[in-house]
Amino acid sequence: MNSTTIPTTLLYFNPSPAASTESSSKRQAHNPRHVQLKLDKRQNGRNFLSKSIKCTQNRGIRNPTALASCLEATEAPPSKAAELVADKLKRLVLEFRSLAEPIDRVKRLLHYAARLPPYNESTRKPESRVPGCSTQVWVEAEMDELGRMRFRADSDSEISKGFCSCLIWMLDGAEAAEVLEVKTRDLEDVNVGVYGKVNSRVNTWHNVLLAMQRKTQALVVEREGKRPLEALPSLLASANEVSG
Amino acid sequence: MMMTMEGVAVKLPSYSFPIIRSPARCVTRNFRPFSISASTLKEGHPAAPSAPPASLSLGHLTRPDFPILHQEVNGSRLVYLDNAATSQKPTAVIGALQNYYESYNSNVHRGIHYLSARATEEYELARKKVSNFINASDSREIVFTRNATEAINLVAYTWGLQNIKPDDEILLTVAEHHSAIVPWQLVAQKTGAVLKFVELNGDEIPDVDNLKDMLSRKTKLVVVHHVSNVLGSVLPIKDIVLCAHDVGAKVLVDACQSVPHMVVDVQNLNADFLVASSHKMCGPTGVGFLYGKSDLLSAMPPFLGGGEMISDVFLDHSTYAEPPSRFEAGTPAIGEAIGLGAAIDYLSGLGMQKIHDYEIFLAKYLYDSLSSVPNIHIYGPAPSNHVTRAALCSFNIDNIHPTDLATYLDQQHGVAIRSGHHCAQPLHRHLGVSASARASLHFYNTVEDIDDFIQALNDTVSFFNSFK
Ligand SMILES: Cc1ncc(COP(=O)(O)O)c(C=O)c1O
Chain A
46 MNSTTIPTTL LYFNPSPAAS TESSSKRQAH NPRHVQLKLD KRQNGRNFLS KSIKCTQNRG
106 IRNPTALASC LEATEAPPSK AAELVADKLK RLVLEFRSLA EPIDRVKRLL HYAARLPPYN
166 ESTRKPESRV PGCSTQVWVE AEMDELGRMR FRADSDSEIS KGFCSCLIWM LDGAEAAEVL
226 EVKTRDLEDV NVGVYGKVNS RVNTWHNVLL AMQRKTQALV VEREGKRPLE ALPSLLASAN
286 EVSG
Chain B
6 MMMTMEGVAV KLPSYSFPII RSPARCVTRN FRPFSISAST LKEGHPAAPS APPASLSLGH
66 LTRPDFPILH QEVNGSRLVY LDNAATSQKP TAVIGALQNY YESYNSNVHR GIHYLSARAT
126 EEYELARKKV SNFINASDSR EIVFTRNATE AINLVAYTWG LQNIKPDDEI LLTVAEHHSA
186 IVPWQLVAQK TGAVLKFVEL NGDEIPDVDN LKDMLSRKTK LVVVHHVSNV LGSVLPIKDI
246 VLCAHDVGAK VLVDACQSVP HMVVDVQNLN ADFLVASSHK MCGPTGVGFL YGKSDLLSAM
306 PPFLGGGEMI SDVFLDHSTY AEPPSRFEAG TPAIGEAIGL GAAIDYLSGL GMQKIHDYEI
366 FLAKYLYDSL SSVPNIHIYG PAPSNHVTRA ALCSFNIDNI HPTDLATYLD QQHGVAIRSG
426 HHCAQPLHRH LGVSASARAS LHFYNTVEDI DDFIQALNDT VSFFNSFK
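Protein chains in written order, with this note's numbering: chain A, 46 to 289; chain B, 6 to 473.
A portion of the hints provided could be inaccurate.
Ranges of calculated distance between the beta carbons of each label pair, as one might list FRET restraints [as the list claims (entries may be wrong)]:
| hint | chain 1 | residue 1 | chain 2 | residue 2 | range |
| --- | --- | --- | --- | --- | --- |
| 1 | B | V318 | A | R174 | 40 to 50 Å |
| 2 | A | A222 | B | Y325 | 52 to 62 Å |
| 3 | B | G335 | A | R142 | 18 to 28 Å |
| 4 | A | A145 | B | V438 | 32 to 42 Å |
| 5 | A | A145 | B | S467 | 36 to 46 Å |
| 6 | A | K170 | B | Y106 | 43 to 53 Å |
| 7 | A | R174 | B | N404 | 43 to 53 Å |
| 8 | A | R142 | B | T290 | 26 to 36 Å |
Heads up, simulated DSBU-like pairs for lysine-lysine below, C-alpha to C-alpha not over 30 Å straight-line [to be verified]:
| hint | chain 1 | residue 1 | chain 2 | residue 2 |
| --- | --- | --- | --- | --- |
| 9 | A | K170 | B | K473 |
| 10 | B | K298 | B | K133 |
| 11 | B | K201 | A | K170 |
| 12 | B | K201 | B | K133 |
What the hints contain is simulated information worked out from the structure, not anything from laboratory work. Since we're looking at a predicted model, the values are computed, not measured. Heads up, the beta-carbon is just placed ideally off N, CA and C, and yes, glycines get one too.
So that you can see chain A by itself, here it is in the shape it has in the complex (with noise of 0.2 Å):
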């Protein structure tokens, strides 16, 4: 078998203009086949704002939310953030449910997972250990001086990965709110591996994402000031999937 076979994509990864130049021809020469749509005035909109957010990327932390849709790349952007991250989830269902075949959806994961910005060996960090999964994944966050949600995960498995780069291309760049706002369930169209309900303990959407969700959660708590809360993991996550 082979990558060849991978049905259009309908999401696209843009390397944001500020990317090192380097990273991006090496994706490019990773997937030859990469196409980049025309960016609708909503990607540039978002593009904008990346833009702005020096000090992140200085950190190494980039914007690979830029994307365009081919099912949607011709409606009116919406203005609000919110409504963003909203549309995302659902192109992203969208996408993974016009797979019929489990297979394509392997595929389709394993081809984001290429796209997932490199991460650096020394900072799989045991802090940033998603708990819960059955691979290995980290992730790490931050906020932006914009009240921004900047987010890097990596996994040493490749579909893991995959899921990641799903979940940063949908999460990155948005709001805290919005990001807490995602519920898990919204992500079960998106089943590629595991069956049916997502509070499973090897459920990696789940996991990365409420893993992204505390981490946003303290960010939020820690720039209101306010002492973290300290509960167990276990609770915190509990308590999300009662919410989620």
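Model the placement of chain B with the ligand on the given structure of chain A, informed by the hints.
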């Protein structure tokens, strides 16, 4: 050193060995590959006319008893190789559960009416069946629990907290399942006892010589698995018990992976405590058991408080019932215990020795087949004339995550294997990996299951390598 399973004549059969002639059901047919009955049994395997004629294997004979196996998953024939996690249930067990709920569902030990009397009788009969199955000297030595984990916790919280003192030692191996480690960590925290872990020897087997060296008068308890759920190795329990008793230590045997697959005789092993789970031995989930020598059980305080476990309740105190009731607070899993009894009837009907012999053959076939896959590392001992492996293999393939392997095997090939640390993180750390893939068999698996798995695995590896 390790080597044989007590009470079992261990000999490694050749590949022609598993020709099982079951007087009741045997039909003389080619064993493998099939040239007959293609519609039900061949399942995609081309017939090789040169194959020697033989009887059907135990796997082929018993597959029809397991309705769940006859389905397609993701467009392929289901190949279920996750039996160490849980086994499938034969129609006899499903029928026993249905019969209980349809004909005599009632609470036990409480009502004097007909249904309750019948439920009580069947529930206690199930206890008797467990007792006979592991050759306990009295069925009162069998306590029904929710699973093996609860059985271990029961011992930890009752016998452990009562008998283990500061600086006492609890000896375990690094290959224990989390459910046999964590309860003792809690006991150690509460009592000030010390946990000591036996490591693996060069053959990737828990080092029994080392275990014996580590025994001392300080050792109060030895907690060991019988068969490892990751390494597939078998520990010489009888020998370990002998040495442990010499220093006055008790032995708790985690028999989760042995009781479903071989003859286990608690009197022969002379274990003090032994635990297993119904769901791994073709029985329902929700029930397991603790075997404990009667003198030990009788001296142990209760675990949970509630109905059933008391003799008299006053407002300020209660007097406790005798074992096993003392440890069975509240309404037990009645139907499930009865289902476990039916599973034992089914297993005994096939014969545990026969099951074991066939599984030894499968184990070797699996190990040899897997060894042919490039860049693979299989954990645990290599099978040889003096080392018998259980019918399971945990492995890794260079540069592909086991979960990715398992995902693709499932989605593309309908092959169910497990990936992760199999609740044995200390062992995986010891092996220098964070996870592994595991294919684990039971007697209803066949050579064709293994062949399909290996073919699917090779395809999976080339799929991921094509992405590199
Ligand atoms: C060796 C071993 N011990 C203990 C257990 C725990 O069994 P249960 O989860 O049924 O309590 C298992 C099951 O995974 C096992 O394989």
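Verification of the supplied hints:
no. : hint                           : verdict
1   : B:V318 with A:R174: 40 to 50 Å : holds, 48 Å
2   : A:A222 with B:Y325: 52 to 62 Å : holds, 56 Å
3   : B:G335 with A:R142: 18 to 28 Å : violated, 45 Å
4   : A:A145 with B:V438: 32 to 42 Å : holds, 35 Å
5   : A:A145 with B:S467: 36 to 46 Å : violated, 23 Å
6   : A:K170 with B:Y106: 43 to 53 Å : holds, 52 Å
7   : A:R174 with B:N404: 43 to 53 Å : violated, 21 Å
8   : A:R142 with B:T290: 26 to 36 Å : holds, 33 Å
9   : A:K170 with B:K473             : holds, 25 Å
10  : B:K298 with B:K133             : holds, 15 Å
11  : B:K201 with A:K170             : holds, 28 Å
12  : B:K201 with B:K133             : violated, 36 Å
Violated hints for the displayed structure, listed by number in ascending order: 3, 5, 7, 12.
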